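Once you've looked at the hints, dock chains B and C against the given chain A.
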Amino acid sequence: MNATLVLLLAALFAAPFTAAFGTARPSLTRPVAIVTTAIAFLAALYNAFRPGPVIDKEWAPAWGMRLHFEADGIAVLFALLATGIGLAVVIYASGYLPLHLHHEHRPEADQTRFFAFILLFMGAMTGLVMAQDLMLIFLFWDLTAIASYYLIGFDSQRRDARVSAFMALIVTGISAVGFLIGALMLDAEFGSFQLPTLIDTLVPNYESDIALVLILIAALAKSAQVPLHFWLPRAMAAPTPVSAYLHSAAMVAAGVFLIGRFYPLVTLRQWMLDGLLVVGIASMLTGGVLALTRDNMKQLLAYSTIAQYGYIVTMFGLGGTAGVFGAMFALIAHGLGKSALFLTAGTVTEATGARELSAVGDLWRKMPLLAVASALSAASLAAIPLTMGFFKDEYFFEAAAHHGRAMQIISVAAAAMTFCYLARFWWGIFGGPNIGDVKPVPFTLVGPIVALGALSLIGGIWPAPFAKVAEKAGQVALQSDDSFHPAYHIEWTTENGMAIAAIGIGLALFFTRRVWFDSVELAEVFGARFGPERAYRAGVLNLNNLSDRIHWIEVRDLRSRVATVLAPAALMIVFTLIFTNADNSFRIGRIQWDDFPLIMMMAVAAIAGLAAAIPRDHFSMALALSGVGYALSVVFALLRAPDVALVAVLVETLLGLLLFAFLGLLPRNVEHADVVPSDEPQEAGHRHRMRDWVLAAIGGSLAFLVSWGVLSRPAPIDSILEDYVELTPDAHGGAVVTVILADFRGLDTMGEITVIGIAFLGIATFIRRRRAR
Amino acid sequence: MNNSMSRQAARLLLLPTWMIAFAILIKGYSDSGDGFSAGVIAALGVIMQYITFGTETAEKLRPVRYARQISMAGLLVALSTAFIPVLRGQPIMTHYPGPGNAATHIGSLELTTPFLFDVGVFLLVMGVCIGIFDLLAHATRRERRP
Amino acid sequence: MTLVVSIAIGVLFAAGSYLLLQHDFIKVVGGTMLITHSVNLFIMVSGLSRGTEPIYPLVPGEEVSDPVVQAMVLTAIVISFGVSALLISLIYRVYVSHRSVDIEHLSDFEERLVQLEEAQVPAEPGIGVLQDREIAEENGNSAQQAAGSTQTEPRGTE
Chain A
1 MNATLVLLLA
11 ALFAAPFTAA
21 FGTARPSLTR
31 PVAIVTTAIA
41 FLAALYNAFR
51 PGPVIDKEWA
61 PAWGMRLHFE
71 ADGIAVLFAL
81 LATGIGLAVV
91 IYASGYLPLH
101 LHHEHRPEAD
111 QTRFFAFILL
121 FMGAMTGLVM
131 AQDLMLIFLF
141 WDLTAIASYY
151 LIGFDSQRRD
161 ARVSAFMALI
171 VTGISAVGFL
181 IGALMLDAEF
191 GSFQLPTLID
201 TLVPNYESDI
211 ALVLILIAAL
221 AKSAQVPLHF
231 WLPRAMAAPT
241 PVSAYLHSAA
251 MVAAGVFLIG
261 RFYPLVTLRQ
271 WMLDGLLVVG
281 IASMLTGGVL
291 ALTRDNMKQL
301 LAYSTIAQYG
311 YIVTMFGLGG
321 TAGVFGAMFA
331 LIAHGLGKSA
341 LFLTAGTVTE
351 ATGARELSAV
361 GDLWRKMPLL
371 AVASALSAAS
381 LAAIPLTMGF
391 FKDEYFFEAA
401 AHHGRAMQII
411 SVAAAAMTFC
421 YLARFWWGIF
431 GGPNIGDVKP
441 VPFTLVGPIV
451 ALGALSLIGG
461 IWPAPFAKVA
471 EKAGQVALQS
481 DDSFHPAYHI
491 EWTTENGMAI
501 AAIGIGLALF
511 FTRRVWFDSV
521 ELAEVFGARF
531 GPERAYRAGV
541 LNLNNLSDRI
551 HWIEVRDLRS
561 RVATVLAPAA
571 LMIVFTLIFT
581 NADNSFRIGR
591 IQWDDFPLIM
601 MMAVAAIAGL
611 AAAIPRDHFS
621 MALALSGVGY
631 ALSVVFALLR
641 APDVALVAVL
651 VETLLGLLLF
661 AFLGLLPRNV
671 EHADVVPSDE
681 PQEAGHRHRM
691 RDWVLAAIGG
701 SLAFLVSWGV
711 LSRPAPIDSI
721 LEDYVELTPD
731 AHGGAVVTVI
741 LADFRGLDTM
751 GEITVIGIAF
761 LGIATFIRRR
771 RAR
Chain B
774 MNNSMSRQAA
784 RLLLLPTWMI
794 AFAILIKGYS
804 DSGDGFSAGV
814 IAALGVIMQY
824 ITFGTETAEK
834 LRPVRYARQI
844 SMAGLLVALS
854 TAFIPVLRGQ
864 PIMTHYPGPG
874 NAATHIGSLE
884 LTTPFLFDVG
894 VFLLVMGVCI
904 GIFDLLAHAT
914 RRERRP
Chain C
920 MTLVVSIAIG
930 VLFAAGSYLL
940 LQHDFIKVVG
950 GTMLITHSVN
960 LFIMVSGLSR
970 GTEPIYPLVP
980 GEEVSDPVVQ
990 AMVLTAIVIS
1000 FGVSALLISL
1010 IYRVYVSHRS
1020 VDIEHLSDFE
1030 ERLVQLEEAQ
1040 VPAEPGIGVL
1050 QDREIAEENG
1060 NSAQQAAGST
1070 QTEPRGTE
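From first to last, the protein sequence lines are chains A, B and C.
If you use my numbering, the first sequence corresponds to residues 1 to 773, in order.
If you use my numbering, the second sequence corresponds to residues 774 to 919, in order.
If you use my numbering, the third sequence corresponds to residues 920 to 1077, in order.
Just chain A, with the same shape it has in the complex (with noise of 0.2 Å):
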């Protein structure tokens, strides 16, 4: 039993299964989306303490892509973030969700979709951690990103989702297009996509280094970091249980990821890390102050996202074995802590119906459990002692001392900030005076809260299990065998003194709030104003105008797109035949007697295609047509091609019949159509004809002397039909062309498949069965 497998493919089919159950009844697609992400999250769990093996084949050997999967430290890691905070949130959601959907006025087989887009969020997240080859990689994280935009678009009738969906795609889209720019970098330098392949034989030189800075560029626009960080807070937009999931546990997770993955590569060349220790703290102290006066509740827990994973990047910058375990164990704590904080933000504004915290207080009396797990959650995250959180912030510190005096003092006010934002965010709901009163909502919206925060706690006391998946996550990013055992040390250390001095200024700036409110926010006005995202705007606006432009005076309407394509092939068929060696061409061969019948029926061809382009009715168009295609089979039959004959008749039948039954809708008198425009003159109509006939002539002259002279060379010798008929037998197959078809070139045929697979999905949108427009 191969364990990787089994996450992999429990991970994978959870979409799939709850999509296809839940279409066939709705009332399935709750149980089976809790049933299907418990069995990943136990697969996840079983990898844990028992590994599976490497699952590695080869797919497309000759461009070097395999099919390379490995459930190492990192991996477990995340699989277990992925599927179990998606357990906790999906047991959510089947709670939240129908309550979401009443309010928007949305039907309740909305549900099927929104399921179906989280699992297979968690599906890409959990192939994306496990691949070990480059390209595998890429797919799945465009996969996430894929997923993303429909789930925080999954209100499409509002126009700031899908405004904010677009914003997400384009920027991590963007930036995976760099990965993948990367990634090849990579493959051309050092002849791989392998992961471990690379570890072992890269040496950093200036390709390597534009590759990896390529790809650490995607991994901190994933995890929101400055300046790529303004596409998170709109992201909010998103039912409640996509922020607690995608955007502070999972998606922002897979930039972290990336970074630890590709950790051995990056330790290389220091001034990478320098690089990402700023990005790091600059996220750190934009999220953080921007944190300090949000309002909207969501709001404030995003930009505390930004800032927790800008502590995370910090500490990858920083580096040696406190700042990875660190990081690893930090991206646990946070996970567990910021999730459970974005469904207590979601139950809140069940129950009372506000987004804001000015709106809500002193919840405490009404929703006492909600309470103390939210307290817990944001205790964890303020790395206050007893909770998880407390040694994210211990490793932290030790980190940042190895550095000198100025990194102490910024992660101590980093730290302090943290503290209180949250502190803000607990009192603002659970405390303070009375507003507004509270519904009662069922236990789905509670329960997972609690158990997300009982985690916190038990991580506080009992750092061990937690630890143990930090330490083997570590050691594959620092590719050694240190360990990591987290424990209180009740002594003066340098880490418990920045730890209460973080504690300390934290409540100090909590109690004073009301003083320096007013000219932080004006800060961050100012930042708004000439921050990033009015780059992004402008950015998209002037391309949108841009494209507007050219469309108006270039493109009308589909002739001019016809002729702007025709056109210059047109004139560069010319050129080239003006200007290629014509000698043994233009041959006019003997025609034998037997040709005879092929010939009339090339001529009856010929003279339906005019037939069908001269009159003006659409009847006599779709005859002609028929009468050029059947005209056509009794060319391939006399050229002594049966198979192709007798496609061509069936074909020509169906298409046939389409368009007779189309032309069947219309009224009598559209079915005549003017070739002219009502508006002009008789003699313009002419006029046009003339010239549509003059470039037809053109055209098809074009066309006529491209065909002899290619048709009049001499063929080459050797050619591949005699292999296919030689080896015809050995395939078991008589016919060489339908061996050709299903053997030999079989790929073609599987791409034509898919093509007819996808052309009938777009007949179905075009042609619905039931609403007619």
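Be aware that one or more of the hints could be misleading.
Under 10 Å between C-beta atoms, here's a sample of chain B residues computed to sit facing chain C [as the list claims (entries may be wrong)]:
no. : residue
1   : SER803
2   : SER805
3   : PHE809
4   : VAL813
5   : ILE905
6   : LEU908
7   : LEU909
8   : ALA912
9   : ARG915
What the hints contain is simulated information worked out from the structure, not anything from laboratory work.
Predicted model only: the values in this text are computed from it and were never measured.
Just so it is clear, CB atoms sit at the ideal spot from N, CA and C, and this is done for glycine as well.
Showing chains B and C alone in chain A's frame:
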């Protein structure tokens, strides 16, 4: 078309049409024929029912009700023929039995994976063609209603 | 022989191009179908050998018609079937939505639609932080059931 003779003919011809389609599918590998042609012929048999009997009657036929599922099944069969060898560690679309190995026979039909691939194509094409015509038939009916 | 075939190909291509330049959408689709036929014929006759059908049992020494080209044309015919069917259903959709298959009508309609949209939406982008303050001042409170940041944005960012 309300001609009773054409109705009789259409009703009688459905099964023979399918038989011919199967025949073309089976002989496709050793003689002229193709999974694609077989699928279209089978679909044309059903389409004949649409033309003679009208949409209401024709849409009750089994293949019409399950057209989408048939086409998906066909696509799955064809794709799995291609991708299952990858799971076993061989290049994509490796066919069994290989050259030189004997194949199991049913009469003179050899059961090989290319034949399975052809069956997948057959199902897909049949499902797609029937599906398209069903959609168009319903659309036409909607347009005709006042 | 090559000359005759080339004439047929040229005529079909010319007829197809003429139809492509028409106003009527249905004729445009007919034009694509004709050009497809012309190209399929071209591929078919560019086979490297002409002889008997490429089906076993074969007489040794006898020339066989090029099977590679036949396989290619078969694939091309099937794919063009899919595309043509898609185009026909596209015309259906256009007809049902606009009750016209005239390209001029459709482009006029599109132009008027764009002008209408541009008139409605102002061009100034809103910015998040400012937006928060504005909303907090205007609405003051939590009863806002709509999204937390409905902003006036240029249509460019859609």
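Hint check results:
Satisfaction of the interface hint for SER803 (chain B) is found here, the shortest Cβ-Cβ separation to chain C being roughly 7 Å, below the 10 Å cut-off. Hint status for SER805 (chain B): holds, given a least beta-carbon distance of 6 Å to chain C, under 10 Å. Proximity of PHE809 (chain B) to chain C holds as hinted, the smallest CB-CB distance being about 6 Å (cut-off 10 Å). About 9 Å separates the beta-carbon of VAL813 (chain B) from the nearest beta-carbon of chain C, less than 10 Å, and the hint is met.
At a threshold of 10 Å, the smallest CB-CB gap from ILE905 (chain B) to chain C is about 6 Å, leaving the interface hint in force. A cut of 10 Å between beta carbons decides the hint on LEU908 (chain B): the least distance to chain C is about 8 Å, and the hint holds. Interface hint status for LEU909 (chain B): upheld, as the beta-carbon distance to the closest one in chain C is roughly 8 Å, under 10 Å. Hint on ALA912 (chain B) holds. Least Cβ distance to chain C is approximately 6 Å, under the 10 Å limit.
The interface hint given for ARG915 (chain B) holds, since its Cβ lies 9 Å from the closest Cβ of chain C, which is under the 10 Å cut-off.
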